[in-house]
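> Sequence:
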Amino acid sequence: MSGNPGSAPPPVPPPVPPPGPPPGLPPVPPPGPQQNPQLANVQAYLMLNQAVYNDDEKRILFVLSYIRSTDYNAGLSKAEKWADLWMEQHWNNLGAWTDFEQAFKNRFITFDEAGEAI
Numbered sequence: 001m002s003g004n005p006g007s008a009p010p011p012v013p014p015p016v017p018p019p020g021p022p023p024g025l026p027p028v029p030p031p032g033p034q035q036n037p038q039l040a041n042v043q044a045y046l047m048l049n050q051a052v053y054n055d056d057e058k059r060i061l062f063v064l065s066y067i068r069s070t071d072y073n074a075g076l077s078k079a080e081k082w083a084d085l086w087m088e089q090h091w092n093n094l095g096a097w098t099d100f101e102q103a104f105k106n107r108f109i110t111f112d113e114a115g116e117a118i
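FYI, full-length UniProt numbering numbers position 65 of the sequence shown as 65, with every residue one higher than the one before it.
Hints are supplied without guarantee of correctness; some may be wrong.
Taking lysine to aspartate or glutamate and the DMTMM-like style, the derived pairs with C-alpha atoms no more than 25 Å apart in a straight line are [said to hold, decoys possible]:
1) 81 - 99
2) 105 - 80
3) 58 - 84
4) 58 - 88
5) 78 - 88
6) 105 - 57
7) 78 - 101
8) 78 - 57
9) 78 - 56
10) 58 - 99
11) 78 - 99
12) 105 - 56
13) 81 - 56
The calculated label-pair distances, taken between Cβ atoms and stated as ranges, are [said to hold, decoys possible]:
14) 57 - 105: 17 to 23 Å
15) 90 - 47: 22 to 28 Å
16) 68 - 98: 19 to 25 Å
17) 12 - 44: 32 to 38 Å
18) 44 - 89: 24 to 30 Å
19) 87 - 48: 24 to 30 Å
20) 98 - 11: 43 to 49 Å
21) 66 - 91: 17 to 23 Å
22) 76 - 44: 24 to 30 Å
23) 40 - 13: 32 to 38 Å
24) 68 - 8: 49 to 55 Å
Think of the hints as simulated: they come from the structure by calculation, not from any bench. Beta carbons: idealized from backbone N, C-alpha and C, even for Gly.
Assemble the whole structure, with the sequences as input and the hints as a guide.
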């Protein structure tokens with residue numbers, strides 16, 4: 001007991017590591033026109049976990065790690081090929097997050113101009 005002069009203090013609990021991505025995330029579908037909400041979800045997740053994803057390289061690697069196909073028998077998807085190419089071209093330096101995000105948008109995000117005009 002802590003009231004006894006000869007008793008030892010209680011052990012200090014180990015530090016809790018910062019949270020990473022939640023386990024068991026579902027596969028991210030290949031990007032396309034319907035992906036705008038997905039991009040917003042990724043941006044929100046990165047903002048909520050700034051302590052973990054605190055530099056551009058970690059943010060880029062997080063996104064690249066979730067670009068995968070849901071059909072492993074179909075071969076690499078367009079998104080997987082793009083992610084592989086990004087890694088090959090930026091192996092020593094993954095670049096700035098803003099450049100990565102813009103390249104991602106340029107490659108995969110298309111806007112339905114007719115739908116947005118309504």
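> Now, for every hint given, state plainly whether the structure supports it.
Going down the list of hints, with the structure as the test:
no., hint, in the structure
1, 81 - 99, "holds (18 Å)"
2, 105 - 80, "holds (15 Å)"
3, 58 - 84, "holds (16 Å)"
4, 58 - 88, "holds (17 Å)"
5, 78 - 88, "holds (15 Å)"
6, 105 - 57, "holds (18 Å)"
7, 78 - 101, "holds (17 Å)"
8, 78 - 57, "holds (22 Å)"
9, 78 - 56, "holds (23 Å)"
10, 58 - 99, "holds (14 Å)"
11, 78 - 99, "holds (19 Å)"
12, 105 - 56, "holds (17 Å)"
13, 81 - 56, "holds (21 Å)"
14, 57 - 105: 17 to 23 Å, "holds (19 Å)"
15, 90 - 47: 22 to 28 Å, "holds (23 Å)"
16, 68 - 98: 19 to 25 Å, "holds (24 Å)"
17, 12 - 44: 32 to 38 Å, "holds (34 Å)"
18, 44 - 89: 24 to 30 Å, "holds (28 Å)"
19, 87 - 48: 24 to 30 Å, "holds (25 Å)"
20, 98 - 11: 43 to 49 Å, "holds (46 Å)"
21, 66 - 91: 17 to 23 Å, "holds (19 Å)"
22, 76 - 44: 24 to 30 Å, "holds (28 Å)"
23, 40 - 13: 32 to 38 Å, "holds (36 Å)"
24, 68 - 8: 49 to 55 Å, "holds (50 Å)"
Checked against the numbered hints given earlier, this structure breaks none of them.
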